[in-house]
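Student: Chain by chain, the residues:
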Amino acid sequence: MNDTKPFSVDLGSLKSRAKPTSAVTVHKADAAGEKHGFVDRAPKGRRGRPPSPRTGQVHAKVLPHVSDDIMTEARRRGVTQGVIIEEAWALYCAEKGIEAST
Amino acid sequence: MPVIIIASPKGGAGKSTTAVLLGTELAHAGAHVTLIDCDPNGSLSLWAERAPLPPRIQLLENIDEAQIIRAIKKHDGDGNLVIVDLEGVASRLVSRAISQADLVLTPMRATTLDATIGARAIGLIAEEEEALDRQIPHAIVFTMTRAIRSKQHTGIEQSLRSQGVDVIDPPLMERAAFSALFQFGGDLRSMPQQGNMHAAQENAAGFAQAVYKRLTESSNE
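Residue numbers (the numbering used here), protein chains in the order written: chain A, 1 to 102; chain B, 1 to 221.
Calculated directly from the structure, the hints in this document are not laboratory data. Do not rely on the hints blindly, as some may be mistaken.
[Stated by the list, open to error] Pairs of lysine to aspartate or glutamate, EDC-like flavour, derived with a Cα cap of 16 Å:
(1) A:Lys44 - B:Glu65
(2) A:Lys35 - B:Glu130
(3) A:Lys28 - B:Glu129
(4) B:Lys213 - B:Asp166
(5) A:Lys19 - B:Glu61
(6) A:Lys19 - B:Glu130
(7) B:Lys213 - A:Asp10
(8) B:Lys151 - B:Asp166
(9) A:Lys19 - B:Glu129
(10) A:Lys28 - A:Asp10
(11) B:Lys213 - B:Asp169
(12) A:Lys44 - B:Asp78
(13) B:Lys74 - B:Glu61
(14) A:Lys15 - B:Asp78
(15) A:Lys15 - B:Glu217
(16) A:Lys19 - B:Asp78
(17) A:Lys35 - B:Glu129
(18) A:Lys28 - B:Glu130
(19) A:Lys28 - B:Glu65
Extracted from the complex, chain A is given alone in its bound form (with noise of 0.2 Å):
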């Protein structure tokens, strides 16, 4: 290994120079920046598709037997299928005397 110090920095020689950093020099340098096309690429948050909000709806897998008799009364009535689940809880509640949480 060769460490020879080919040169040394005097550290008195270097000056830093103030330079404005105020919101104005700020916008100043953008717009110089986006006349030669240096624009804001800057990551927009998440990329792909945002995820959908919960409908309430249960799985097929989750009631084989009963899943298209929930699906033809939550349609019949225009509720989610979830509502129909609820109700049923209520009333599994009410025979068995269980304090339902809502």
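Given the coordinates of chain A, work out where chain B should sit on it, guided by the hints.
Tutor: Structure of chain B alone, referenced to chain A:
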């Protein structure tokens, strides 16, 4: 201490290699250096992961356009030299970083494509000088240069010089040791032998000295 911005909207021009060589050589010569990695590819971060950072060097990673001016200002103080490695795209991050520069270095290979795209950085600097009403020293450094210069290299360099563009001499040569920095980390003195190490060290030191000369000249103006 001065702020050096390594800027070219062209990818693969040698910005990160230039930043590491300059930072490690100036640190070896006694300067305290803060390297700021603004490249989403994190080239400097990859370099830093390979080996402990050489003495007198610290690295700031993942700095974006919202943070860049604050980050530079925080480290642009007595006894510390700041080197900013930018991403190879034309972004607002580049124009904001240049607004804080004491010297802008634009690395380019001696090809028409590099020169054409690199010229956009020169245009941006001129625009910012006018908008900010201050001089921003700027220089080109040719990278990955072959020992035997092509006619294209000579033509591009002559064209730049004739337009008053500062071209750093020596250029950075195509050296196995330079690309191996990202394999082994550290600096040219800590890595295992890669090709002609003496020539690589001499080239890197000569380049760093040429940059240092420009910094002292601009400090004395």
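Student: Hints first: check each against the structure and report whether it holds.
Tutor: Do the hints match the structure? See the list:
no., hint, in the structure
1, A:Lys44 - B:Glu65, "holds (13 Å)"
2, A:Lys35 - B:Glu130, "holds (13 Å)"
3, A:Lys28 - B:Glu129, "holds (10 Å)"
4, B:Lys213 - B:Asp166, "holds (13 Å)"
5, A:Lys19 - B:Glu61, "violated (23 Å)"
6, A:Lys19 - B:Glu130, "holds (14 Å)"
7, B:Lys213 - A:Asp10, "holds (11 Å)"
8, B:Lys151 - B:Asp166, "violated (20 Å)"
9, A:Lys19 - B:Glu129, "holds (12 Å)"
10, A:Lys28 - A:Asp10, "violated (34 Å)"
11, B:Lys213 - B:Asp169, "holds (11 Å)"
12, A:Lys44 - B:Asp78, "violated (36 Å)"
13, B:Lys74 - B:Glu61, "holds (14 Å)"
14, A:Lys15 - B:Asp78, "holds (8 Å)"
15, A:Lys15 - B:Glu217, "holds (10 Å)"
16, A:Lys19 - B:Asp78, "holds (15 Å)"
17, A:Lys35 - B:Glu129, "holds (13 Å)"
18, A:Lys28 - B:Glu130, "holds (10 Å)"
19, A:Lys28 - B:Glu65, "holds (15 Å)"
In summary, the numbered hints that this structure violates are 5, 8, 10, 12.
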